[in-house]
Every structure is written in C-alpha cells, then in structure tokens.
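Asker: Taken in order, these protein sequences are the chains called A and B.
Heads up, the first sequence stops at 616 in this note's numbering, and the numbers go up one at a time, no gaps.
Heads up, the second sequence stops at 616 in this note's numbering, and the numbers go up one at a time, no gaps.
Calculated from the structure, these hints are not laboratory results.
Virtual Cβ for every residue (Gly too), placed ideally from N, Cα, C.
Each hint should be verified, as a subset may be incorrect.
Unchecked claim - Looking from chain B toward chain A, a few residues come up when the C-beta cut is under 7 Å (computed):
| # | residue |
| --- | --- |
| 1 | Arg386 |
| 2 | Pro388 |
| 3 | His393 |
| 4 | Asn503 |
| 5 | Gln548 |
| 6 | Met549 |
| 7 | Ala556 |
| 8 | Val558 |
| 9 | Arg582 |
| 10 | Ala586 |
Chain residues, written in single-letter form:
2 protein chains.
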Amino acid sequence: MDTRTVGCLGGGQLGRMMVYAAHRLGVRMCVLDPLGESSPAGQVSELSIKGSFQDAEKIRELASKCDILTLEVEHVNAQALEELHLKGVPVQPLPFVVKLIQDKYDQKVHLQKHRIPLPDFLKVDSEAELHEIGEKFGYPMMLKSRFGAYDGKGNAVVSDAASIPAAWEKLGGKAGKKLYVEKWAPFKMELAVMVARGVDETMNVTMRTYPVVHTVQRDSVCFTCLTPPVGVTQKEQELAQKIATDAIKSFGDARGIFGVEMFLLDDGSVLLNEIAPRPHNTGHYTMEACGVDQFEQHLRAVLGLPLGDCHLRVGGAMMVNILGQGSTPELTAQTMAPLRCALRVPDAGIHWYGKDGCVKGRKMGHITVTGFTPASALEQIRPVLKAVDGEGNSSSIEVPHKSSPSVGIIMGSDSDLPTMKDAAVVLDDFGIPYEISIVSAHRTPEYMYEYATTAADRGINVIIAGAGGAAHLPGMVAALTPLPVIGVPVKSSALSGNDSLLSIVQMPKGIPVATVAIGNAANAGLLAVRILGAANPGMRQKMAQFMANEATTVEKKRRKLEQVGWQAYLADSK
Amino acid sequence: MDTRTVGCLGGGQLGRMMVYAAHRLGVRMCVLDPLGESSPAGQVSELSIKGSFQDAEKIRELASKCDILTLEVEHVNAQALEELHLKGVPVQPLPFVVKLIQDKYDQKVHLQKHRIPLPDFLKVDSEAELHEIGEKFGYPMMLKSRFGAYDGKGNAVVSDAASIPAAWEKLGGKAGKKLYVEKWAPFKMELAVMVARGVDETMNVTMRTYPVVHTVQRDSVCFTCLTPPVGVTQKEQELAQKIATDAIKSFGDARGIFGVEMFLLDDGSVLLNEIAPRPHNTGHYTMEACGVDQFEQHLRAVLGLPLGDCHLRVGGAMMVNILGQGSTPELTAQTMAPLRCALRVPDAGIHWYGKDGCVKGRKMGHITVTGFTPASALEQIRPVLKAVDGEGNSSSIEVPHKSSPSVGIIMGSDSDLPTMKDAAVVLDDFGIPYEISIVSAHRTPEYMYEYATTAADRGINVIIAGAGGAAHLPGMVAALTPLPVIGVPVKSSALSGNDSLLSIVQMPKGIPVATVAIGNAANAGLLAVRILGAANPGMRQKMAQFMANEATTVEKKRRKLEQVGWQAYLADSK
Numbered sequence: 043m044d045t046r047t048v049g050c051l052g053g054g055q056l057g058r059m060m061v062y063a064a065h066r067l068g069v070r071m072c073v074l075d076p077l078g079e080s081s082p083a084g085q086v087s088e089l090s091i092k093g094s095f096q097d098a099e100k101i102r103e104l105a106s107k108c109d110i111l112t113l114e115v116e117h118v119n120a121q122a123l124e125e126l127h128l129k130g131v132p133v134q135p136l137p138f139v140v141k142l143i144q145d146k147y148d149q150k151v152h153l154q155k156h157r158i159p160l161p162d163f164l165k166v167d168s169e170a171e172l173h174e175i176g177e178k179f180g181y182p183m184m185l186k187s188r189f190g191a192y193d194g195k196g197n198a199v200v201s202d203a204a205s206i207p208a209a210w211e212k213l214g215g216k217a218g219k220k221l222y223v224e225k226w227a228p229f230k231m232e233l234a235v236m237v238a239r240g241v242d243e244t245m246n247v248t249m250r251t252y253p254v255v256h257t258v259q260r261d262s263v264c265f266t267c268l269t270p271p272v273g274v275t276q277k278e279q280e281l282a283q284k285i286a287t288d289a290i291k292s293f294g295d296a297r298g299i300f301g302v303e304m305f306l307l308d309d310g311s312v313l314l315n316e317i318a319p320r321p322h323n324t325g326h327y328t329m330e331a332c333g334v335d336q337f338e339q340h341l342r343a344v345l346g347l348p349l350g351d352c353h354l355r356v357g358g359a360m361m362v363n364i365l366g367q368g369s370t371p372e373l374t375a376q377t378m379a380p381l382r383c384a385l386r387v388p389d390a391g392i393h394w395y396g397k398d399g400c401v402k403g404r405k406m407g408h409i410t411v412t413g414f415t416p417a418s419a420l421e422q423i424r425p426v427l428k429a430v431d432g433e434g435n436s437s438s439i440e441v442p443h444k445s446s447p448s449v450g451i452i453m454g455s456d457s458d459l460p461t462m463k464d465a466a467v468v469l470d471d472f473g474i475p476y477e478i479s480i481v482s483a484h485r486t487p488e489y490m491y492e493y494a495t496t497a498a499d500r501g502i503n504v505i506i507a508g509a510g511g512a513a514h515l516p517g518m519v520a521a522l523t524p525l526p527v528i529g530v531p532v533k534s535s536a537l538s539g540n541d542s543l544l545s546i547v548q549m550p551k552g553i554p555v556a557t558v559a560i561g562n563a564a565n566a567g568l569l570a571v572r573i574l575g576a577a578n579p580g581m582r583q584k585m586a587q588f589m590a591n592e593a594t595t596v597e598k599k600r601r602k603l604e605q606v607g608w609q610a611y612l613a614d615s616k
Numbered sequence: 043m044d045t046r047t048v049g050c051l052g053g054g055q056l057g058r059m060m061v062y063a064a065h066r067l068g069v070r071m072c073v074l075d076p077l078g079e080s081s082p083a084g085q086v087s088e089l090s091i092k093g094s095f096q097d098a099e100k101i102r103e104l105a106s107k108c109d110i111l112t113l114e115v116e117h118v119n120a121q122a123l124e125e126l127h128l129k130g131v132p133v134q135p136l137p138f139v140v141k142l143i144q145d146k147y148d149q150k151v152h153l154q155k156h157r158i159p160l161p162d163f164l165k166v167d168s169e170a171e172l173h174e175i176g177e178k179f180g181y182p183m184m185l186k187s188r189f190g191a192y193d194g195k196g197n198a199v200v201s202d203a204a205s206i207p208a209a210w211e212k213l214g215g216k217a218g219k220k221l222y223v224e225k226w227a228p229f230k231m232e233l234a235v236m237v238a239r240g241v242d243e244t245m246n247v248t249m250r251t252y253p254v255v256h257t258v259q260r261d262s263v264c265f266t267c268l269t270p271p272v273g274v275t276q277k278e279q280e281l282a283q284k285i286a287t288d289a290i291k292s293f294g295d296a297r298g299i300f301g302v303e304m305f306l307l308d309d310g311s312v313l314l315n316e317i318a319p320r321p322h323n324t325g326h327y328t329m330e331a332c333g334v335d336q337f338e339q340h341l342r343a344v345l346g347l348p349l350g351d352c353h354l355r356v357g358g359a360m361m362v363n364i365l366g367q368g369s370t371p372e373l374t375a376q377t378m379a380p381l382r383c384a385l386r387v388p389d390a391g392i393h394w395y396g397k398d399g400c401v402k403g404r405k406m407g408h409i410t411v412t413g414f415t416p417a418s419a420l421e422q423i424r425p426v427l428k429a430v431d432g433e434g435n436s437s438s439i440e441v442p443h444k445s446s447p448s449v450g451i452i453m454g455s456d457s458d459l460p461t462m463k464d465a466a467v468v469l470d471d472f473g474i475p476y477e478i479s480i481v482s483a484h485r486t487p488e489y490m491y492e493y494a495t496t497a498a499d500r501g502i503n504v505i506i507a508g509a510g511g512a513a514h515l516p517g518m519v520a521a522l523t524p525l526p527v528i529g530v531p532v533k534s535s536a537l538s539g540n541d542s543l544l545s546i547v548q549m550p551k552g553i554p555v556a557t558v559a560i561g562n563a564a565n566a567g568l569l570a571v572r573i574l575g576a577a578n579p580g581m582r583q584k585m586a587q588f589m590a591n592e593a594t595t596v597e598k599k600r601r602k603l604e605q606v607g608w609q610a611y612l613a614d615s616k
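This is chain A alone, in the form it adopts within the complex:
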C-alpha cells in the first residue's frame, strides 16, 4: 500500500514486531543488526544488513537502501544519524531526541526546563560530591549511569552513606563513567503510557495517547503490565497521560511512538521516570487490546500516515514477559513452561521472538491475556505466572496486581444481609466475582462517598445497593458513579417496604437507579448478570440457560399437579 522502505537500527524483538506491522501495511523494511538476517527482525524483514548500529558506515549503507530511518533501540550512533539527517535523509524520531535520551542527565534537564514533574536529580563527579548529595536528598537515593543503561543495568540503590563507595565502584565512577543521582521517589505504583506523535496531511502535528498501564518490575526488568490499572483513579490516570503527552510535546517535530515510564506517589501525584523513543515493552499489550498496536502506530507516525485509534477494544489486558532461564544456551523446560501453559489459557496471545539461543534473563517472548475486565484477565493469566516460577514455587506466586470483583454488593445495615445475601448466591451460581460490604448513606456518609467515587476505578462494573425505609443508599451511590446501580428496597417493619421502594425508585431526572421488587435481591443479582451480558454473548447464553432451567422447574410442578391432582399436591407440599 505504501511503496517506501523503512530502515530500522536494531533487529531485536521490537524490530521483529515492527516488521509484522510493516507487512500488514505493505511497507518494506531493512534492519541493521549485528546478527543481520538471523536477528529476530532480520529473519522476517525484506532486507537486512549485518553490522553494528554504532557503525556510521553501516548506518550510511542502511540509509542508501531506505527511504526513511528509524530505530528500535536508542543506543545507536546518533551522530551518524544527525549527519545523514542534515544531508536530507529523513530520520524519525529526530536525531536530537535520540541524543537527548541517550544522556539520561540531559534528558532530565530538558524535561525539567519544560516543567515536567521529575524526582530531584543532580550531576555527580566524585564520591565526595555523592556524600554531599546524600545529605541533601536523604537515603535511599538512586545512583545512575548517564549513558547506556537499560533494564536496571547502570542503576544502583544507595541505601546509606556507608554504601556509597560500593555503589560508586559498581557503576564505574572510579573509571570515570559519567553518573548522576536521583532522589528516591517513594512510589506506590509504577505506571507507563505510550504516546504517538505524527503529522496530518498538512504536516501539522497530531498526537494520540494509549491507556495507562500498571507495570511491575522484577530484578529491575519489566515483569508484568496490567491495563486498565486497578487501584489507580481516573484522575490519576488522566494526570499520567497528561504528563506523558506534555513530555513528548517538548520534542518539537520528532515523530514516532514513545514509551513514558512514571511513578505514582501516595498523594496521587505523578513523576516521570524515563522515556524510550521507540516501541516499548509496556506497550506490547496493544497488539491484542487496541485497534492499532504500538508497532503499526510507530510506522504510521514515522511515515506520516494517519495515526490510529488508541482505545481499548477489550475490557482489560495483562502481559507477562518470558525471560530465559537456566545456564545453558539450550531452551530449558522451565523457559518454555509458561508458553506451553499459555496454550491452554483462553484469550492468551503468545509471542515467541525466535531468538537464537537462550541467555538467563533475556527476553525470549511474552504473553498477553485479554479479558472482559482487568480482573478476568488477571484471573486467566494466573497459571502462566505460576509456570514462570516453576511448579515447585507455585504456592508462593502472587499475582503482582490488585484484582477487582465485577459486582459490588452493599447495604445500609447488617439487618439487610438476610435479604441481600440472595444476590451473592446468584452471582456465585454464575461464577461472577463480587465484593460485599456495609455502606450506610446516613451513618457513614464519607465512606459511602469514597466507595461510590472509587468503584469504577477499582474495576467494579455494576453496584447492587440494598436499603430500607428512607433508603437513600442506592440513589446517593448512583449520584456519585457513572456505573449502573441496582436498588433493592428492603422490606421495612413500619410500611412493609413501600417506603423503601418509593425512596429508591423515584429518582430525579439525571440519576437513574435500576429498582427491583421489594426484598428481591435474587432479581438484583440476575439483573447484574443481564447487565454484564448486555454486550457479552457468553454471559447472555448463561442467562438463557438459567431461564430454560427455571422453565423446566415450573414444567415439573405443572406435570405433578396434573398427575396427582390438587388435593395430593397440597398435602405433599405441607
């Protein structure tokens, strides 16, 4: 469809997945990689060059075969790219951005100038200076290499003054390596956002931002990502997207996709950690979860094609990286175990990178599981996570993300529980995860506010609220959440639930409560199932089956009455 050839510096797994996207668009690719045509990307690209992406000569050779240059790794010869760019060769992202990102300290100075919130940081040239900074920043603090760091390599935690010499030594300070220090960010979670920057037909900048993911590191390497991130409020997600977008805006006319890693602090503020000027591990989930994945989006941005839509096509997605295990280049059973396991997991996308030989800790592949909700994705990926750590450790494995039930059952008082339990029984029957709690509009108004305003962010899809008498709970909760709220009027002693019913059903225009019959919490549970099945054929089928079973039950009673007559029937039911 597009007759251009894209040259890519680097031929690893990111390049490989970029080649797949190029094929779909009809774009040709040539990769430059030390492994040439046996690199993961070289195996599938139309052309490849064997050589270092640091080698100016090879980069010029690549440029001679291509219409535009891009990259899948930032540790390239940016000088060579700059020279080519000055001679009129299109390079995206622009070489100055690649240079800026190569020097983590300069990157931070640039972002600070553009008012992007960051952890405090300082250049450090000697051990003595590091002590001074320790006094200022407090401990722990992070000592980091300015150049060439990735996957936690080139970072050291300085836990106290006594550990300064070891950290200084470890990162090569003595050998003259350029280092800098970052104040510790006391984050409660790490977030990441992919941002695409392209141009429209009139060469005006266009930007698209993917959803926020919660990322979990293990030994400083990305282990899992979950989206939407459970336990992160809508406001926090919007803040993270805004900071990521603002940061990429600071890169002028640079185009492509950018991975932005951030810290979410306890107070809800967000600090930028670092930026990758290319597809990123935290964006792999887009292959299954979004209309256009990060690789195609990168190519669209670089080539000046229209950017694609970034929203989630599914309710939730979780990715886990598969790292090499064992000490031999052979693929051990342990490395393969999560992949073999994933073959049995519904909605698991398996991605093997085709790397020659296995190295411990090397990214060999990844698996993304999608679900109707983030909770269902989490639930389904559990056996794969177990397999990552091997059967022996299976008891210790914990899903590294908060899970969330689909339905919240709440009631104004524990006296409503004998009624409300019927909703729980129905949800158990349908296998739908729920939480159940006491939330009183009148006695715990602050908690009610908190419960209702955070429910959607916690992954809840439907709320069932029961209350009696003045029965304000369902309506107040509905006023505080965009979720559907089902109201159960609990039978009161004074007015037999008439009061509860009218309090719940007679809501003003603007805020609906889905009201069921007095005391009929079972129907509230069934309505929740119907709501979850509104756009879910599988769930709808389960409801149809339930209704067929109910019909059979009545059918049996009918036959019995017709056979034994009313006297025997009544005598029997006594």
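With chain A held as given, fit chain B onto it using these hints.
Answerer: Chain B alone, transformed into the frame defined by chain A:
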C-alpha cells in the same frame, strides 16, 4: 517453543498468515509455491521451495525438509501426499480428506452418507441427462465442475432448459470435463463456520467451533463477512455450528482447521454448501476478534498442540476483501483506496498480502473492523465499503448486512410516546443507535413474543419498555429475553402511575425488570447508557462527563439564587 518445521503446500495469503502464527509459536515453516521465496508466504517463511504443489518430486523435497506437511490450498497432488503418508510422513489434514474435497461430487456423496443436510445433487454425463435432471430438480439449478473449482469459477447457473447447451459448453462438458448438478437452494443468507479438529495429550480427538458468520458474495467471490450474524436466530446459529461440526467429524482422524460454507433457508433449516480443508477467507475475522486466530488454530491442530478458545473477544466484527482493480499490473489508486481509507477507521485491522503485481479480481488484502456490537462494526466500516466502489458510486453503496440498533425502545400504546420520547432524546445525545416501536402485551401478544425472543439475535443490547396501568409489557418482555429490560411506569389517569409502578417493579424471583421512576423515561435512557458502559470505559467516560455537566447546570442556578435573591429568582423563572 516447538522445534518442528511445518511444510505447507501453497504460499499465498493464507500461507503467509499461517507463517505469522508459526512465528509466534516458535515453529519454523517451509512453503512450496510456484513463486517460491517471492510468494506471499515465501517472503516471510524460514524456508521455501520454488515449484508446483502438483509436482510429486517437489512435494517429496518439501517432506525431506519438514517434520509434518499441511496445505493452504486443496488443489494439490493428493496422490503424492498419500504415498508420503503411507511411508510414515505425517500429513494433516489426511490425504484421503484432501482427495475427497477435490472431487466436489464425491465430497457430497460422503457427506450424504453421514446424514449431513445438503441440496439435492446428481452426477451428469451428457446434455441429455442434464435435461432430465432439469425436469426433476426444476429451474434454476446449479451445474458445477467436480474438480478444480474455486471462487465461483467452475459453476454455472442453469436458469431454464434453453440455457443448458451454453452452460454445458461453458463448463467444458463437451470436452469431457466431469460435472455434476445441484438443485437450487433458495437461501436467504449464506453462513460459514470454521471448525478445528485436533488431539489432546492422549491423542483423543478434540474439536472447537468458531462463531457463525454471515457471508456475502459478489460475483461469486467472498466480499464481506459479519459476526455475530445479525438476523440469524440463536437456534439457527447453533444448527449451523452443529452441521459444520458433524461434517468435520465425518473425516475420521483428519486434523486441522476447516471452513464450512452453508445456506440458511427461509424456514430456518441449514444446508451445507462446501468445505475447505484449510484456513478460509470467512475465518479472517478471527485475527482481530478471537483469542486464537484460524491460522494459529490450524497449526495447533496439525501439530497436536492444545486447541485454543474460539469465542469472540469483541462484540462484533466485519471483514471486507480488497480485490485488485484496473487492467494493469500496477497498483491503481482504486485498489488502494479502501486501505488508505481504513487508516482513518478506528479498530480497523489492515492486512496487505504483499503480492507482486495486481490482477483484476485478485485478493490483494483484507480489512477487519471490530466493534462493541456488530452494528458498530458495520457503522465504522461504511466508508471503507464506499472506497471499494470508488467515490463516484458512493451514493449507491449499501452495507450488505442488516444493521442493528443497540437499544430497543418499546411502549404499549402511542399514548405513551410523549413520555417515552425522552429516552430517545438521551440516546441521541449519547450517539447510541436505537429502534422505537409500539408493542402491546395485551393487544399484540404474538408480536410481543416475536419482538422479545428475537431482540438479542437482532443485535439489541438493552430494551427499554414503557407501559401504564396493568403495565405487563416490561415484565413479559423480560421473561422472553436474556437481555436487561428497563421498565418505565407511565403515569396513568386513574392511579397516577402507582398501578404502573407496582406492575412493573414487583416481578417474581427469576425475572428482573430494572424499574425507574414514574414517567421518567429520560432516566431509562441514562440507565441504558450506564448499562452499555458497564464494561466499556469510553461509554463510562461519556456518562461521567454528562454528570459533570449536570452538576455545572445546578451550580449556575445556585450562584444565580445566591446573587439575585429568591424574589428576583422566582420572578425571573415565571
């Protein structure tokens, strides 16, 4: 992950997409195709052989390089496959099935023996015989080549006795080509189902069936596919899946994926049309819409890996084929137009096959658009369909499938319309497609039954039902559909809607109606939006925005009251 090499006879687009799937699983592939390494599949596979898949020598060469043989086209040298298989080379699907399918007449005889419902068919050896059959079957009838037919080539419609000589000539009857006749199947729609047949660890057969798609042909070539098929009942879909599954069961130990094309007749019966023993055009939608696509499923089946889940991960999907246009081998703007257009369509998966040169009518690529519902997929793909036919014809293009609204608004009487219109206004504001109708439980009970039982099959996600007085409509509709039903008690003159409210809300256990306030159809519309947003973050965001706007409106009123005082405020509102 799997160290085996799969050999594939044929290297077209189906082979190419099979190679992508193989890569993800870590499986190597070698393709045999006349175009060798420049064939669509050869461009991306690890190995390729240039040669005909009819050439026994080349097939043996392929076998020598591979652990198992399969195919992406059935017009291969089945004899050569059979000989290899007898010598112990694994071949899947089994050669006897390939042979059976190559002869369309024998295929039908085999399926008839296994009691698969088919249009009547007969062998025909002379023009005279064809006249006799015409007397028996009636006209029109289908004259078909037994061998080598595809994409409508090798088929001729015999519209009456007078057209027999021309049809006989066209299909080569005179030249001794083997033909047979099929009685015309007066179908209302064409359906297709992909069926996978594999084995478990103990080599027991396992089968998985994908959802039913509605396929539309143009000039006898697959043009579009929609799933779930709008206007096909659940029962009809289950019947189509059962017939497809039964047909594939008849193939003994053969493994792989099979495309089964069927006719749906007016009376709801289903006849099998034909079977392809490989991935199929009608299964392309699985790439975006299902957890495991047809290509990976085929490899899993052939290799004896566990079969993957077949259910839809999205609410709906529609595929359109992009055929070569124009009379030159150059890619014309018209051929490219739908692809360029798709770059701007949300959730459009673009697949270009990388074929060298363009031939009119040749499959050059395809586009699949997914949506929250089949209706939204249909709506989104509309500009792509327009682009297929060129801008000049844009007024004439019609989406070749029934569309379906998301919400059904129904009421017992037109006297309810002044109330119920408020629900429509809300849905218009939120951009949600709806249908609106009069359905009376008491005056049109049959129509109510039909409306309620077909709503889900027609693509409706939520029903809003308004009624007054005895107000049976919402409850009766809820009893006949697994969809969520919202009840609006319309204010009655006798009891001010108290009667309507109690009739609607006091449903027995088992069948819930989500009841809103008396006369408050706007809240019913808003509740429908919340229900559609229960698992759809985008829709939920729209609801949150609506609630924020409502708050702003009240805020303004509050400020005005505080500024002007109550006297002026009331005077102003008069």
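Asker: Quick check on the hint: Met549 (chain B) CB to chain A CB, less than 7 Å?
Answerer: Since chain A brings a Cβ to about 5 Å from Met549 (chain B), closer than 7 Å, the hint holds.
Asker: Under the criterion of a CB-CB separation shorter than 7 Å, is Arg582 (chain B) in contact with chain A as hinted?
Answerer: Holds - the Cβ of Arg582 (chain B) comes within 7 Å of chain A, reaching about 5 Å at its closest.
Asker: With chain A as the partner, please determine if Arg386 (chain B) meets the hint condition of a C-beta pair closer than 7 Å.
Answerer: Where the cut-off is 7 Å and the nearest Cβ of chain A is about 5 Å from Arg386 (chain B), the hint holds.
Asker: Close enough to count: is the Cβ of Val558 (chain B) nearer than 7 Å to one in chain A?
Answerer: OK, holds: Val558 (chain B) within 7 Å of chain A, min 5 Å.
Asker: Take the shortest C-beta to C-beta distance between Gln548 (chain B) and chain A; is it under 7 Å?
Answerer: Since the shortest Cβ distance to chain A is 5 Å, the answer is holds.
Asker: Given Ala586 (chain B) was flagged as interface, is its beta-carbon under 7 Å from a beta-carbon of chain A?
Answerer: holds, 4 Å
Asker: For the hint on Asn503 (chain B), does the least C-beta distance to chain A fall short of 7 Å?
Answerer: holds, 4 Å
Asker: Taking 7 Å as the limit, does the beta-carbon of Ala556 (chain B) come near enough to a beta-carbon in chain A?
Answerer: Result: holds, 3 Å to nearest chain A Cβ.
Asker: Holds or violated: is there a CB of chain A closer than 7 Å to the CB of His393 (chain B)?
Answerer: holds, 5 Å
Asker: Taking the least C-beta to C-beta distance, is Pro388 (chain B) closer than 7 Å to chain A?
Answerer: With Cβ-Cβ at 4 Å, under 7 Å, it holds.
Checked against the numbered hints above, the structure breaks none of them.
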